[in-house]
Each structure stands twice: as C-alpha cells, then as structure tokens.
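Engineer: Numbering follows our numbering, in which position 29 of the sequence shown is assigned residue number 29; successive positions increment by one, without gaps.
Bear in mind the hints are in silico, worked out from the structure with no lab data behind them.
Since the model is a prediction, treat every value here as computed from it, not as a measurement.
Please note: incorrect hints may appear among the correct ones.
To be verified - DSSO-like, lysine-lysine: derived pairs with alpha carbons at most 27 Å apart:
| id | residue 1 | residue 2 |
| --- | --- | --- |
| 1 | LYS103 | LYS88 |
| 2 | LYS97 | LYS38 |
| 3 | LYS38 | LYS3 |
| 4 | LYS97 | LYS125 |
Said to hold, decoys possible - What follows is a set of in silico ranges between Cβ atoms, one per label pair, in the way DEER data are often shown:
| id | residue 1 | residue 2 | range |
| --- | --- | --- | --- |
| 5 | ASN113 | LEU32 | 20 to 30 Å |
| 6 | ASN120 | ILE35 | 45 to 55 Å |
| 7 | THR45 | PHE123 | 19 to 29 Å |
| 8 | SER110 | ILE40 | 42 to 52 Å |
We treat Cβ as the ideally placed atom computed from N, Cα and C, and that holds for glycine.
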Amino acid sequence: MGKMIQKNKNPGFTLIEVLIAMAIFAIGFLALATIQIKSIAQNATARMYSDATTMAVGAVERLMALPYDHPDLNQGGNPHIREDGAHKIEWNVQNNKPVAAAKTIVVSVSSENPHAIPLNIRFIKGQRF
C-alpha cells in the first residue's frame, strides 16, 4: 500500500493567531480612544470660545443701544468692568477716535479658566447712530 498523507482537518485558529488579532484590535481601540479624548477637549475649547463670543456680542449690542452720552460710554470710567459668572466683560472707550463725534470701544471677555484666550471686539459708535 501507498503512504497515507494525513491532513489536519481542524481548520480553527491557533493561539498565536488569536493573540496577534487581539493585539491589533487593542492598538486600534487605543487609537480610537485617543482621538475621542482629543475631540472632547477640542469641543470644550470651542464651547469656551462660543460662550465668550456670545457674551462679547451681547455687550457690543447693549453698548450700541445706549445713548452717545451714557455713563457706560464715558472715557473717564475706563476700564468699565462687569462680572458675569466665570467671565469678566471689560470695555474701554476712547472719545473722538478715529474721527470727531465718534467713540472707539474695545470689548474684552476673559475667563477664570487658565486655558481660555481673551476675546476682543473693537467697534465704533457714532454720535448720530
């Protein structure tokens, strides 16, 4: 009789193959977790900037609605400060800049958060507006 060739009829995975697959899965999972953590941090930063912008625009609109000679638009009171929770809204007024009968107003919003960057908005209020 001839030689019998025995084939392994057990087509399962070996332990090494399972360990390699688990290592690849773990590396991929850690990469996804890192991306998620960075995404959460960026979302928090974007929210801080959005809150600061909303507060600054609100202050600009409030100041634009005031009469030209209102005490909050007086250069002598610089800097004007208003606390709003964790944020500080501050504005400086310069009379007759850039032209006569106009005021240059710079609104700054800062936060107690050490990672927040102050936001500044500069606008001009004319006497006839």
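Engineer: Would you mind marking each hint as holding or not holding in the structure?
Structural biologist: The hints, checked one at a time:
no. : hint                          : result
1   : LYS103 with LYS88             : holds, 22 Å
2   : LYS97 with LYS38              : violated, 44 Å
3   : LYS38 with LYS3               : violated, 63 Å
4   : LYS97 with LYS125             : holds, 10 Å
5   : ASN113 with LEU32: 20 to 30 Å : holds, 28 Å
6   : ASN120 with ILE35: 45 to 55 Å : violated, 32 Å
7   : THR45 with PHE123: 19 to 29 Å : holds, 25 Å
8   : SER110 with ILE40: 42 to 52 Å : violated, 24 Å
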